[in-house]
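Those protein sequences? They're chains F and P, same order as listed. Okay, so the first sequence: first residue is 1 according to our numbering, each after it adds one. Okay, so the second sequence: first residue is 1001 according to our numbering, each after it adds one.
Some hints could be false.
Under the rule of at most 30 Å between Cα atoms (straight-line distance), these lysine-lysine pairs were calculated in the DSS-like manner [stated by the list, open to error]: (1) 46(F) with 1267(P); (2) 1280(P) with 42(F); (3) 1228(P) with 1267(P); (4) 1276(P) with 67(F); (5) 91(F) with 104(F); (6) 1100(P) with 1187(P); (7) 1276(P) with 104(F); (8) 67(F) with 1280(P); (9) 1184(P) with 1231(P); (10) 1280(P) with 104(F); (11) 1100(P) with 104(F); (12) 1280(P) with 41(F); (13) 1276(P) with 42(F); (14) 46(F) with 116(F); (15) 1267(P) with 104(F); (16) 1152(P) with 1184(P); (17) 66(F) with 116(F); (18) 37(F) with 1267(P); (19) 41(F) with 1276(P); (20) 1100(P) with 37(F).
Note that these hints are calculated values from the structure, not bench results. Every value quoted in this text rests on a predicted model; they were computed, and no experiment measured them.
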Amino acid sequence: MERIVKRLNLALAIAFAISLGPSVLAHHSAAMFDDAKVVEKKVTVKELQWTNPHVWLQVVIDENGKKTEWSLEGGSPNTLSRQGWRASTFKAGDVVTVRFNPMKDGSAAGQFIGAKFEADGKTIGRW
Amino acid sequence: MIIGSEVKSVTRLPSVASVIAGAALFCVVATIGADAQGTRPALPDWSGIWAMQGPTVFDRASVQPPTGRAGEPGVREAPPYTDEWEAKYRTNIDLVRQGKFPDPVSTCGTPHGFPRIMNVPDVYEFAVTPAAVYVIAENGPNVLRIYTDGRKHPASEDLWPTYNGASVGQWEGDTLVFSTISLKGSKDNDVIVDRTGLVLSDASRATTRLRRVDENTIEAQMVIEDAKALKGQWRVTKRYVKQPAGTWAWDYACAENNRNPIDPSGKTLTLGPDGKPLDK
Chain F
1 MERIVKRLNL ALAIAFAISL GPSVLAHHSA AMFDDAKVVE KKVTVKELQW
51 TNPHVWLQVV IDENGKKTEW SLEGGSPNTL SRQGWRASTF KAGDVVTVRF
101 NPMKDGSAAG QFIGAKFEAD GKTIGRW
Chain P
1001 MIIGSEVKSV TRLPSVASVI AGAALFCVVA TIGADAQGTR PALPDWSGIW
1051 AMQGPTVFDR ASVQPPTGRA GEPGVREAPP YTDEWEAKYR TNIDLVRQGK
1101 FPDPVSTCGT PHGFPRIMNV PDVYEFAVTP AAVYVIAENG PNVLRIYTDG
1151 RKHPASEDLW PTYNGASVGQ WEGDTLVFST ISLKGSKDND VIVDRTGLVL
1201 SDASRATTRL RRVDENTIEA QMVIEDAKAL KGQWRVTKRY VKQPAGTWAW
1251 DYACAENNRN PIDPSGKTLT LGPDGKPLDK
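The task is simple: from the sequences and hints, build the whole structure.
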């Protein structure tokens, strides 16, 4: 049952992400992102760049011992702060599960959708 | 009976008092509604923070598909383009499909320009002063100055095309009616109207009616004309919704950390934290 709920939540997140499209990116074309795909990964936060025109969540993905840094792009700090984000929302070392639209070309970046913190189960963004 | 007489007098009083009170109220309203010289009606209160309703498709009334968003392949609107400019639009729509229709504002420093300034995300402020109204868009940031001090547009020899052009207006009751001319327009997609590929020429101009339609809504009704690009008037309405009291607008310093420059082919790049492109 839990698995079904989890899948349903993911499906809803995907549907919501698709319905919202690339509007989160107010300053450039979002053509590089595959809005039809949502990737979910458990990551360790390296840094949150709380800057305009977009915030960047730098994370490390560990796959079978191979660690790769990914760049996840979000909205402007202005908009995100009005949605409850703060510069301190993500701290280096936080372990989170992130959802993002990947780059179409497979490079190590994506459009941030949402995250769930392993420590307390809290979520941010669209989850 | 004294009481009855008093009651009778009191019951009679409103008809007399209402006339006096009505006259007094008229005087008070007239006084409040005039400037120091007693010649100008009170200006409307558009204070607060506002956000555009809906996504950044400029003409939401004509967009196809109806849920289409600017920047998504195949999304288009239906301005009354001439054949030549319809062809330009179709070329741009193809560029969007190829991921090669860059947004000029990605360079950080290029203004959105009019009418796009009325079509940006994030929040707005509408600053109403006796001599001018300022539309301040957080995104960009961008400022549209509309002079309401009675001046006319400068003579043509005193103008040059700019992103936001020159705007002068006057109040018709609580509605600001303003005219915008001298727009730069698009040459090589260096100024766009939205990311579907919409562009206008340097002959574009507009008359806009800006008013507060209710407590929570400001509306801009634009009538756009363009002797080069349009066969007739293009009417577009945008609405702005009041944000909760205490909402902040912030600095938007686009060049602070721009990791999305545009390469010579028109492709928008994604830079890594080291400043090198991640794109394959």
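Against the structure, the hints:
no.: 1; hint: 46(F) with 1267(P); result: holds (28 Å)
no.: 2; hint: 1280(P) with 42(F); result: holds (24 Å)
no.: 3; hint: 1228(P) with 1267(P); result: holds (28 Å)
no.: 4; hint: 1276(P) with 67(F); result: holds (19 Å)
no.: 5; hint: 91(F) with 104(F); result: holds (28 Å)
no.: 6; hint: 1100(P) with 1187(P); result: holds (16 Å)
no.: 7; hint: 1276(P) with 104(F); result: holds (18 Å)
no.: 8; hint: 67(F) with 1280(P); result: holds (19 Å)
no.: 9; hint: 1184(P) with 1231(P); result: holds (19 Å)
no.: 10; hint: 1280(P) with 104(F); result: holds (10 Å)
no.: 11; hint: 1100(P) with 104(F); result: holds (14 Å)
no.: 12; hint: 1280(P) with 41(F); result: holds (21 Å)
no.: 13; hint: 1276(P) with 42(F); result: holds (25 Å)
no.: 14; hint: 46(F) with 116(F); result: holds (16 Å)
no.: 15; hint: 1267(P) with 104(F); result: holds (13 Å)
no.: 16; hint: 1152(P) with 1184(P); result: holds (20 Å)
no.: 17; hint: 66(F) with 116(F); result: holds (22 Å)
no.: 18; hint: 37(F) with 1267(P); result: holds (21 Å)
no.: 19; hint: 41(F) with 1276(P); result: holds (24 Å)
no.: 20; hint: 1100(P) with 37(F); result: holds (21 Å)
Taken one by one, the earlier hints all hold for this structure without exception.
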